[in-house]
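Asker: Put chain B on the given structure of chain A with help from the hints.
Top to bottom, those sequences are chains A and B. Everything in the first sequence is counted per the numbering used here, starting at 390 for the first residue and increasing by one. Everything in the second sequence is counted per the numbering used here, starting at 31 for the first residue and increasing by one.
There's no promise every hint is true.
[Unchecked claim] Here are the computed lysine-lysine pairs in the DSBU-like style, where the Cα-Cα straight-line distance is at most 35 Å:
#1 A:LYS682 with B:LYS55
#2 A:LYS543 with B:LYS92
#3 B:LYS140 with A:LYS867
#4 A:LYS514 with A:LYS416
#5 A:LYS881 with B:LYS40
#6 B:LYS172 with A:LYS484
#7 B:LYS172 with A:LYS450
#8 A:LYS679 with B:LYS176
#9 A:LYS543 with B:LYS172
#10 A:LYS909 with B:LYS127
#11 B:LYS92 with A:LYS560
#12 B:LYS176 with A:LYS803
#13 B:LYS92 with A:LYS881
#14 B:LYS66 with A:LYS679
#15 A:LYS935 with B:LYS140
#16 B:LYS66 with A:LYS746
#17 A:LYS896 with B:LYS135
#18 B:LYS176 with A:LYS819
#19 B:LYS45 with A:LYS819
#20 B:LYS172 with A:LYS501
#21 A:LYS501 with B:LYS176
#22 B:LYS45 with A:LYS911
#23 A:LYS819 with B:LYS135
#24 A:LYS484 with B:LYS176
#25 A:LYS560 with B:LYS172
#26 B:LYS127 with A:LYS867
#27 B:LYS66 with A:LYS445
#28 A:LYS926 with B:LYS127
#29 A:LYS819 with B:LYS66
#30 B:LYS140 with A:LYS682
#31 A:LYS682 with B:LYS132
#32 A:LYS917 with B:LYS45
#33 A:LYS439 with B:LYS55
#34 B:LYS55 with A:LYS909
#35 A:LYS917 with B:LYS127
#36 B:LYS176 with A:LYS416
#37 A:LYS911 with B:LYS135
#38 B:LYS85 with A:LYS692
Simulated from the structure, these hints should not be mistaken for lab results.
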Amino acid sequence: MKSKTADDINKIKQTVIERNKSNKSTKVYVHMGTCGIASGAIDVLNTLRKEVKDNKITDVKIITTGCAGICSKEPLITVEVQEQEPVMYQCVDTKKMSEIFKSHVLDKKVLKDYAFARGMEIQIKDRIKNNGKIEGQAAIDNSIPGIEEIPFFKFQEQRVMRNRGFIDPNKIDDYIARDGYQGAIKALTSMTSDKIISEVYDSGIKGRGGAGFPTGLKWKFAAKEENSIKYVLCNADEGDPGAYMDRSVLESDPHSIIEGMIIAAKAIGSHMGYIYCRAEYPLAVETLNKAIKAARTYGLLGKDILGTGFEFDIEVYEGAGAFVCGEETALMRSIEGSRGNPRPRPPYPAHAGLREKPTILNNVETLSNIPQIIAKGSKWFSNIGTEKSKGTKVFSITGDINNVGCVEVPIGTKLSTVINEIGGGITEGKTFKAAQLGGPSGGMIPIEHIDVVMDYDTLISLGSIMGSGGLIVMSDDKSALEMAEFFMDFCKEESCGKCIPGREGTKQMLNILNRLCDGKGKQGDIEKLENLAFVIKNTALCALGKTAPNPVLSTLRYFRNEYEDAISNNI
Amino acid sequence: MSNISTMFSKAQIEKLEEIILIESKKPGCLIPLLEKVQALLGYIPVSVQNIISEKTGIASNKIYGVVSFYSFFTMNPRARHRIQVCYGTACYVKGGKEIGEKIEKDYGIKAGESTQDGRFTYENTRCFGTCGLAPVVVIDGKVYGKVSVDNIDEILSQYE
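Extracted from the complex, chain B is given alone in its bound form:
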């Protein structure tokens, strides 16, 4: 097991322990707890899952099962910027797939992967509910509407 003290700062680890202490008191706590942990650390590697298991008594295989089931959770660190290309139906009809394919080709990455320079993590997501602006790309939580293969480069150039 890798030592989390080399992966995260002391302040992060203290905060992690605090989150576990507070959240584990509620029934059905696991998912909200994991959401808070991911917000704190950016990802939930197995070493962190094991700590949660030790402190809460929830079996580590159950925690792994939940983390791997929900697309919101990731076990790998994300790059500086997160690109989410919507693959919902309205975006698909309006050409969202072509945008995704362009990013895959230009940066040599597939959905779920990050560029080697740590600049972008690229993901496909199913619908942000902003179908009126299809096709939609979300970068670091900011929604860009009516994106096309012609203007995606310009949008991405704002994120170094």
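So that you can see chain A by itself, here it is in the shape it has in the complex:
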């Protein structure tokens, strides 16, 4: 098949937009990421299909989307009757689905008892502008809150997740209709490699995987290398336990990642890319493979992309269950088919990475920011954030919190806003104790710092890190010491075994933590932990080893009394 050109893509965009406008059917969106499915979204979908069939209805369109963000209310569906406000329903089961179908879809009567919000997340900005209304959509029952009034949604800024709950991830046309592939078109038809890199650099975006290295700089190093073979890699090995932002993006909007990789490839002069996705995410792998196939059919991947002569293709590489493979050199070893052992740097991957060729590795969230940076410009991107950290950050908030979910906020949002407003406070009326950011490489933010402005530098000054976005909330009946033990156990288990600090150091620290948690602490244990932490931080081979002591150091900083009690109680 002949490649589509930029004009063809724009025609598709117009056709889909027109088609959606002229389609007078009632739309029912079923929001189904892995979480939604586990909560019963497939049963809900099947019930809906059966109702449509049994009632011989032809003017209902069922749309399956990825995750809608607020996991604790799943399964969620949205019903949109033409010329009326859409309504989102929460905690739907098969019985409720049938009732909603009869009332809202057939009789056009909103079922208030099950309703969660009026409006859709993608409309929030327009609704705020128009006093909670959308032109052409009749307002309905005002006792159901508008989506822009619900704190969970109100304080968010959707960029990476701008399509969530709206598009079908398996339909490339849906993505194109939402300005999808406009960044790739611009990069491939009217920008030089240097221009792309300077746009990304000027935006100020830093790697969202945790390290926070400027993305533009990384690309610049790889672009300077002279080599006919270079690689673009996407790190979708989201290994931090308790973090699932990337899964949500992979399952809801896979084309944004593919588009980001195409732009990166053009910037550094690469013709082959891999997405390294963990095996624990079967739905993400399936969604990505379908998306890549669709992009190839449209000539957005392959030999002559958009008729510009540029060649680039992507393959998904499934991981096999090893946390350390999230480390860049280990990930490359794994794609080569070996044990995922990290190696010392330099040489850096930009010079000698996968198969010893120049390589860039970017995280899922970083890549899905790229299309909009190119399409809308670096200034648009940097108009939110703090002085040193621009754009948004996606967090998955979990643990002892009412609204568990995936949230995207401007960098610089206060932790208290995320916990008390977006998260709706601590479960069962308990009190906040601390939040763990950055998982096993990160640290805790205790209650006295709950108003901290979350950006890369401020979090480091408090002994934590931005991390990849896992944010685990603990109530005050949880033990910080046990949490430190949990993370050290994780690091010991996941150590690849190559360097002694990583292999033995974590084990020795864990031994001490085990006995402290068992109430058998000895005098001098705290000092031993601090000493071991110092040695590991300074001598471990890779970033995962170097950061393994962080949870201990952080809990010692804020909850030293728990360690001291564990010792004094034994004397």
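Answerer: Just chain B now, with coordinates in the frame of chain A:
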């Protein structure tokens, strides 16, 4: 070396040879090849590793190194049902460990082991990314959310 013809059916062995032939042509083929072999046979014992080594020319110690490194691979046959209790952070905070301890106690097995009657293989896993449903238990690939020590027995009773 044990003879694989006594361990697997003729059809399985033919399919194994076909997988090796197709997959070994790609660069860095080993891990995808092993994933497909495990999907076919359920596990990858040393005897099968040796066959892969003979046919692909990849050293058998390298294959053993890879199989033993990644938690996805197993060298022992799994029982009829596979229980994976999530030990990720969110599940830990919400009581996942207590569920794991109950299974260990009730069935007399440790993580990585199978019950003698071949009913359950029990494993700990680090995060399925469904933290919104913590604590999570996955049985034969099906995700169960908001599991507790009170309802785990009822869930397990569906798997004989």
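Asker: Work down the list of hints and note, for each, if the structure agrees.
Answerer: Each hint, compared with the structure:
Taking the CA atoms of LYS682 of chain A and LYS55 of chain B, the gap is near 21 Å; set against the 35 Å cutoff, the hint holds. Between LYS543 of chain A and LYS92 of chain B the alpha-carbon distance is near 53 Å, which puts this suggested pair outside the 35 Å criterion. As the CA atoms of LYS140 of chain B and LYS867 of chain A are separated by approximately 26 Å, the hinted pair is consistent with the 35 Å bound. Under the criterion of a C-alpha separation no larger than 35 Å, the hint pairing LYS514 of chain A with LYS416 of chain A is consistent with the structure, at around 21 Å.
The suggested pairing of LYS881 of chain A with LYS40 of chain B is violated, with an alpha-carbon distance near 42 Å, which exceeds 35 Å. Pair hint LYS172 of chain B plus LYS484 of chain A holds up; C-alpha atoms about 22 Å apart against a cutoff of 35 Å. With a C-alpha separation of about 28 Å, the suggested pairing of LYS172 of chain B with LYS450 of chain A holds against the 35 Å cut-off. A distance of roughly 31 Å separates the Cα atoms of LYS679 of chain A and LYS176 of chain B; the hinted pair therefore holds under the 35 Å criterion.
Annotation: proposed proximity of LYS543 of chain A to LYS172 of chain B holds, straight-line Cα distance about 34 Å (limit 35 Å). For the hint pairing LYS909 of chain A with LYS127 of chain B, the CA-to-CA distance comes to about 21 Å; that is within 35 Å, so the pair holds. Only pairs whose Cα atoms come within 35 Å are accepted, and LYS92 of chain B paired with LYS560 of chain A is rejected, the gap being roughly 41 Å. As the CA atoms of LYS176 of chain B and LYS803 of chain A are separated by approximately 29 Å, the hinted pair is consistent with the 35 Å bound.
Between LYS92 of chain B and LYS881 of chain A the alpha-carbon distance is near 23 Å, which keeps this suggested pair within the 35 Å criterion. With a CA separation close to 19 Å, the supplied pair LYS66 of chain B and LYS679 of chain A stays within the 35 Å bound. For the proposed pair LYS935 of chain A and LYS140 of chain B, the alpha carbon gap of about 30 Å is at most 35 Å, so the pair holds. Distance check on the hinted pair: LYS66 of chain B and LYS746 of chain A sit about 28 Å apart at the alpha-carbon level, within 35 Å; holds.
The suggested pairing of LYS896 of chain A with LYS135 of chain B holds, with an alpha-carbon distance near 25 Å, which does not exceed 35 Å. Under the criterion of a C-alpha separation no larger than 35 Å, the hint pairing LYS176 of chain B with LYS819 of chain A is consistent with the structure, at around 19 Å. Annotation: proposed proximity of LYS45 of chain B to LYS819 of chain A is violated, straight-line Cα distance about 57 Å (limit 35 Å). Proposed proximity of LYS172 of chain B and LYS501 of chain A is supported: the alpha carbons are some 32 Å apart, at most 35 Å.
Restraint check for LYS501 of chain A and LYS176 of chain B: satisfied, since their Cα atoms lie roughly 26 Å apart, inside the 35 Å limit. For the proposed pair LYS45 of chain B and LYS911 of chain A, the alpha carbon gap of about 58 Å is over 35 Å, so the pair is violated. Taking the CA atoms of LYS819 of chain A and LYS135 of chain B, the gap is near 31 Å; set against the 35 Å cutoff, the hint holds. Restraint check for LYS484 of chain A and LYS176 of chain B: the C-alpha separation of about 21 Å stays at or below 35 Å, so the hint holds.
About 26 Å separates the Cα atoms of LYS560 of chain A and LYS172 of chain B, which keeps this hinted pair within 35 Å; it holds. The suggested pairing of LYS127 of chain B with LYS867 of chain A holds, with an alpha-carbon distance near 14 Å, which does not exceed 35 Å. About 43 Å separates the Cα atoms of LYS66 of chain B and LYS445 of chain A, which puts this hinted pair outside 35 Å; it is violated. A hinted pair counts as satisfied when its Cα atoms are at most 35 Å apart, and LYS926 of chain A with LYS127 of chain B qualifies at roughly 29 Å.
For the proposed pair LYS819 of chain A and LYS66 of chain B, the alpha carbon gap of about 48 Å is over 35 Å, so the pair is violated. Only pairs whose Cα atoms come within 35 Å are accepted, and LYS140 of chain B paired with LYS682 of chain A is rejected, the gap being roughly 42 Å. For the given pair, LYS682 of chain A sits about 45 Å from LYS132 of chain B by alpha-carbon distance, which is inconsistent with the 35 Å threshold. With a CA separation close to 55 Å, the supplied pair LYS917 of chain A and LYS45 of chain B exceeds the 35 Å bound.
Distance restraint check for LYS439 of chain A and LYS55 of chain B: the Cα-Cα separation of roughly 46 Å exceeds the 35 Å cut-off, and the hinted pair is therefore not satisfied. For the proposed pair LYS55 of chain B and LYS909 of chain A, the alpha carbon gap of about 56 Å is over 35 Å, so the pair is violated. Under the criterion of a C-alpha separation no larger than 35 Å, the hint pairing LYS917 of chain A with LYS127 of chain B is consistent with the structure, at around 27 Å. A threshold of 35 Å between alpha carbons decides the hint, and for LYS176 of chain B with LYS416 of chain A the separation of about 31 Å falls inside it, so the pair holds.
A distance of roughly 30 Å separates the Cα atoms of LYS911 of chain A and LYS135 of chain B; the hinted pair therefore holds under the 35 Å criterion. Restraint check: the Cα-Cα separation between LYS85 of chain B and LYS692 of chain A comes to about 33 Å, which is no more than 35 Å; the hinted pair holds.
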